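**Student:** Next come the chains, spelled out residue by residue.
There are 4 protein chains.
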Amino acid sequence: MDKINAIITNNPVGGVKYASINAGISSGKSIKLKPLYTGLCGTDRAEVSGSLSFTYNPPDQDYIVLGHEAVCQVIDVGPNVYGIKEGDVVVPVVRRAGQCVNCRIGRPDNCSDGENDIREAGVRGINGFMQDYFYDDIKNVIKINDKSMVKVATLTEPTKNVMKGFDVFDSVSKRTLFENEDSTYLNKNCVIIGTGGEAFLYAFMAREYRMNVFLTNRHDIGDYKKKIIDTIHAKFYDYTKEKMSNKIDLLIDTSGDPEAIIKFTEQLNFNGVLILFGTNGKAPAWQISGELINYIVERNITVSGSVDGAKKHYLKAVEYLEKWNYSENSVIKNLITGEFKPEDIGIFNKKPADEIKSVIKWY
Amino acid sequence: MDKINAIITNNPVGGVKYASINAGISSGKSIKLKPLYTGLCGTDRAEVSGSLSFTYNPPDQDYIVLGHEAVCQVIDVGPNVYGIKEGDVVVPVVRRAGQCVNCRIGRPDNCSDGENDIREAGVRGINGFMQDYFYDDIKNVIKINDKSMVKVATLTEPTKNVMKGFDVFDSVSKRTLFENEDSTYLNKNCVIIGTGGEAFLYAFMAREYRMNVFLTNRHDIGDYKKKIIDTIHAKFYDYTKEKMSNKIDLLIDTSGDPEAIIKFTEQLNFNGVLILFGTNGKAPAWQISGELINYIVERNITVSGSVDGAKKHYLKAVEYLEKWNYSENSVIKNLITGEFKPEDIGIFNKKPADEIKSVIKWY
Amino acid sequence: MDKINAIITNNPVGGVKYASINAGISSGKSIKLKPLYTGLCGTDRAEVSGSLSFTYNPPDQDYIVLGHEAVCQVIDVGPNVYGIKEGDVVVPVVRRAGQCVNCRIGRPDNCSDGENDIREAGVRGINGFMQDYFYDDIKNVIKINDKSMVKVATLTEPTKNVMKGFDVFDSVSKRTLFENEDSTYLNKNCVIIGTGGEAFLYAFMAREYRMNVFLTNRHDIGDYKKKIIDTIHAKFYDYTKEKMSNKIDLLIDTSGDPEAIIKFTEQLNFNGVLILFGTNGKAPAWQISGELINYIVERNITVSGSVDGAKKHYLKAVEYLEKWNYSENSVIKNLITGEFKPEDIGIFNKKPADEIKSVIKWY
Amino acid sequence: MDKINAIITNNPVGGVKYASINAGISSGKSIKLKPLYTGLCGTDRAEVSGSLSFTYNPPDQDYIVLGHEAVCQVIDVGPNVYGIKEGDVVVPVVRRAGQCVNCRIGRPDNCSDGENDIREAGVRGINGFMQDYFYDDIKNVIKINDKSMVKVATLTEPTKNVMKGFDVFDSVSKRTLFENEDSTYLNKNCVIIGTGGEAFLYAFMAREYRMNVFLTNRHDIGDYKKKIIDTIHAKFYDYTKEKMSNKIDLLIDTSGDPEAIIKFTEQLNFNGVLILFGTNGKAPAWQISGELINYIVERNITVSGSVDGAKKHYLKAVEYLEKWNYSENSVIKNLITGEFKPEDIGIFNKKPADEIKSVIKWY
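Chains as they are written, first to last, in our numbering: chain X, 21 to 383; chain B, 21 to 383; chain C, 21 to 383; chain A, 21 to 383.
The set of hints was computed from the structure by calculation and includes no laboratory data. Be a bit skeptical, because a hint or two may be false.
The list cannot tell twin chains apart, which means a pair is met if one copy fits it or any two copies do.
[Stated by the list, open to error] Heads up, simulated DSSO-like pairs for lysine-lysine below, C-alpha to C-alpha not over 30 Å straight-line:
hint, residue 1, residue 2
1, K194, K343
2, K167, K247
3, K343, K171
4, K381, K343
5, K52, K343
6, K255, K194
7, K361, K247
8, K105, K54
9, K246, K163
10, K255, K159
11, K49, K163
The structure displayed is predicted, hence computed values, not measured ones.
The shape of chain X in the complex, shown without the other chains (with noise of 0.2 Å):
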């Protein structure tokens, strides 16, 4: 059996290890994928810290291959494969779909079942792709065509969470007449909490529903994150010493944090939308009064919950990267804070200053 090198865990135990594994096998698997970067989330981090109860290894296995944004590329395909060759860039999906109504039908981010049926690369149950190759189904990889896009393409699989969340805000919105007498969004307020990755990325999308956009933090941010946010012409302010002199047309919160969230749904305007993404199952709790609930039903807001995203996410993904690519001068690339090599674990115990997007370089 062959043998390769792979940056593993132990779910949910937790620990990080860059070490030798043996590869995994070809069989049933149409296709041979080499990482070109692979992206660093909180998720991961949270793995290597043991904080992710739901997590858990491979059958069989005492560990998981770490890593679920991934650019690969294919490196071997097998017979009556068509659509991909060698050589071709390419992005896998994380979720992997179960037997359920939603899944059935491409949605396993909507998976009704999400306990049971579905499996999650690098997270539950299925290697992820932090290792030297892997072989997976054609049906599990999206196309990068522009060469020149390789690297800001790691971005896809966090992008893909933005365009389902907007998604979930296109459906939602529908309840009321939600844009201006004129037809747009425009003037619209929509706030992000937290000015992370996903923040950034939310706050990119945002920008092209032409609404005013802000990213806030209950703390000051560094220049090189400012710059980027006046580039794309949205704004930042510390919510600890600010406050919006408006109502808030749409909020996103990718902190998972109470207490920011119900003080921002304060805000909401009426038929406001908020969309739930950040998770910190850790942060601490915060009350909810009856004069909010009031508020929620008096302004007719809607709060949605938005978790992963589908195929058409992925290719949506792409879709504006290749926008943003070239877009006032690539600033998309700012995001990519830090390239290491797979042998640096230790960015898994320790996020570097300032970092919006820490990549691995495999090759």
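Chain X is fixed; fit chains B, C and A onto it per the hints.
**Tutor:** Okay, now just chains B, C and A, sitting in the frame of chain X:
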């Protein structure tokens, strides 16, 4: 100036009197209406107790006529009025449109500027319907064609809230595939928090969706209510003593109580929907944890406030009340638990035992 | 092998016999059903006349049992069957799901591969319901709870087509703001081409939308039909003699006749919707001009074919038939214009005068 | 009164002149605009040839300034104008809202009373943009932020039609599950009838949906057009010589030709959608058979006329033109096949060979 009798309060101070007032003027109004029945709800009582700070009297009046649930007879029509004639039975609508983008398409229930742009009969700025007669515009009334349902039609106004609530559910639930794999809602669980008039009307409608319907409260209810629940094949349980063993697909709150709402939200299924309808600003606050935010995100749960209803919801209310007026031996009639005279103003201060809906008869 | 009586044809050749055949087998089926009433429709007659080339017998049979409109009594249930018991009254569904993406979510009516992926009782590949008894799966039947509507429930199958048609209307009409400025359909004009059973059922439902409802045909109709139309406050006109003076907002065709369809399309309003339901492959062709294409474009008109209905539409059919069973002195019952015995097979070759719906009584 | 030069016609009689006219007046208008580029389309030529009976001159004018496709520079702004300043580049909108329920929510493209309620610059009742300068309201212009796309932005107006067309597709296709079982449109076939400017822009957008894109016409096209089609990975075929072997999922017509429309409709797939965009009132009629009606019904096919677009579609047009301005070596720029001077009025009478989009440069 003609004098008539009316039930009045002084918003937002409160109090209640059955008093002689100056009759309204017909100028600019096309029809003259005499109430047959008016219904009482929590809002009326809250006005009388002085606990609704957002209410206000009509301009140049130190009182407001109470009542926004009514069935009226047309006793006079102006010239050039088509579609309504003397003797017709109608239900007047509560909320009157302003200038915002939702109001201008007949959706004042979704008013984009609800603090400034709308008025509500008997609540904010215009007299209600608890008076010997009043004038209104033909566009503000809903015609009742089947005269065998006159008394039941008193439920039109509260039922229109239910129709809006389900309209919101229909709309927001489209964000995932909510239905079963056979396209129906059979065996989906709908839990309704509360056992008042609105809770019952929500139960009547949930049954039409063919869901399993549960009403619940934090205390037992008497046999009278239990029998109605039984007749419509719903179930009741006291949630301080029992818990659903299955997940809840659609949760409807009529209590406005943060504690109940949070506890039941923890039982929502993947893709579950919570409709917030009840309001009780004085209800004690309750804690929302980071884990619950996580739960909402991971399950793609949607929470929607829903207030009031549009003219189309009044029509839908009549459509279903017509049906319920006959079905299951007219059990809907049992929702009207007391019939009072205009001078019985004590019922504004003290809710009769086992009340579902108290009505005042005006003829 | 048990022998039973059944009404059979030989698809696609045609002919009709009331004959003794081998009873179906219970293997793999959970309930045994005895028809109470079966309805006849144009499809049955077209099979008998040999004019439906797409029909075919079940495998290994040189005949097919006719009949896809039925109300049945459950006369036996297998082990481990819940929710249905002996004596229950049910309506079996016609179309049975295949493997396509629409079939797998309970929408065989929207089958993505309708030529290969579905079967239809009494039409394509499985026996119909005009037989002494047969076996089926519990998932293929709709329960009728109100036993006072047994005979009316024979209309469930044709009514489910209407519910699908309006579901399509609800869906496609969202592309513009179709409703009035008061949010309702009041005074919108709905024209239904045809005066057969389906046309009447479309009229019953259009009335619930509160539109002005018109049935039309190219010949006069008798007083019997006119009286029903009058009772439901609809109107009839012979379109060879009269023309609508107003534009048509919703046009529903039950004729399948290109000439009628084209001529009425020319009267559609801005944002008008045309639902094509009727089929008549032998109807003469008619010309569509460049001007009519222009008319459709400039007015944002939508034309939607609509066939069959899903299980949810059967449930909705029952929901409204329950209502109509009582309303307006049960005028819905007048749609059943003739009751025949199984041996009266002449009615398959010759339509009784003034027929709306002929039914066969099996008990 | 100031004199300026303009390209004018006399609607609906026709003719074309580059003439000196009285400049417009600034009264009540907030910005002064100078065209940089204006585009020519079939409507301009049809006005010049006198074949559009619905067109009319502005009140008190015996001519109308032509042109509804423009990119302009702001050369003066009135007091209290925010968000636009001198030097900004903008695209003015064509259709101006009336009072109907669609117009009042910013959807004059869906005007409910299109014969009376709207005006269109350069076509019906207001002067177009082919003049040295003119005045307009800030609400009627779309700002172009990226000045590298000024010339490409001339395509904004025709592209907004495409965005509306796809908006209609998105909306009506929801009536069934149109997407693949993986949630995407990959390998769905989109056929576009026509090879003019709108056809090309539809192809650019269809490609973003990841469908297989085909342009087709009843004659061959030259290498220039073929190369563009090739660059965007679409395909061309001459439908008088070849036929699609697969079914068409999305069919878009830009020809207005009944014969082509009917013949391609016969190739639509189950749940297929046809968007009618092209208009040609003088195209010869063609026959529609009973069998085709049957085909549309049995396959749940939807046909939607789509005209014009709203302000939100202009913004979406800009969003994608920004992208296409960079992608695939700016192949979008090749759609502009000719640049003319205002005095070159011959191009209104004779289309240059291989024209996709001819533009007039005004500076």
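**Student:** My question is about K361 and K247: at a cut-off of 30 Å on alpha-carbon distance, are they close within one copy, between copies, both, or neither?
**Tutor:** For K361 and K247, only the intra-copy Cα distance (27 Å) is at most 30 Å; the inter-copy one is 43 Å.
**Student:** Could you figure out if K167 and K247 sit no more than 30 Å apart (CA to CA) within one copy, between two copies, both or neither?
**Tutor:** Both, since 27 Å and 21 Å are each at most 30 Å.
**Student:** Please work out whether the CA atoms of K255 and K159 approach to 30 Å or closer within one copy, between two copies, in both situations, or in neither?
**Tutor:** between (39 Å within a copy, 24 Å between copies)
**Student:** Can you give me the call for K255 and K194, within, between, both or neither, at a CA distance of at most 30 Å?
**Tutor:** within (27 Å within a copy, 33 Å between copies)
**Student:** Which holds for K49 with K163 at a C-alpha limit of 30 Å: within a copy, between copies, both or neither?
**Tutor:** Cα proximity of K49 and K163: one copy only (17 Å, versus 46 Å across).
**Student:** When Cα atoms must be at most 30 Å apart, do K381 and K343 count as within-copy, between-copy, both, or neither?
**Tutor:** both (23 Å within a copy, 28 Å between copies)
**Student:** Given identical chains, is K105 near K54, meaning Cα to Cα at most 30 Å, within a copy, between copies, both, or neither?
**Tutor:** So K105 and K54 pass the 30 Å test inside one copy only (13 Å; across, 51 Å).
**Student:** With 30 Å as the alpha-carbon cut-off, assign the pair K52 and K343 to within, between, both or neither.
**Tutor:** Within one copy only: 29 Å inside, 32 Å across.
**Student:** If the cut is 30 Å between Cα atoms, do K343 and K171 qualify within a copy, between copies, both or neither?
**Tutor:** both (14 Å within a copy, 19 Å between copies)
**Student:** Pop the pair K246 and K163 into one bin, within, between, both or neither, using alpha-carbon distances up to 30 Å.
**Tutor:** Answer is between: at 25 Å across copies they meet the 30 Å cutoff, but 33 Å inside does not.
**Student:** Classify it for me, K194 with K343: is the Cα-Cα distance of at most 30 Å met within a copy, between copies, both or neither?
**Tutor:** Both, since 27 Å and 27 Å are each at most 30 Å.
In terms of the numbered hints stated before, the structure departs from none.
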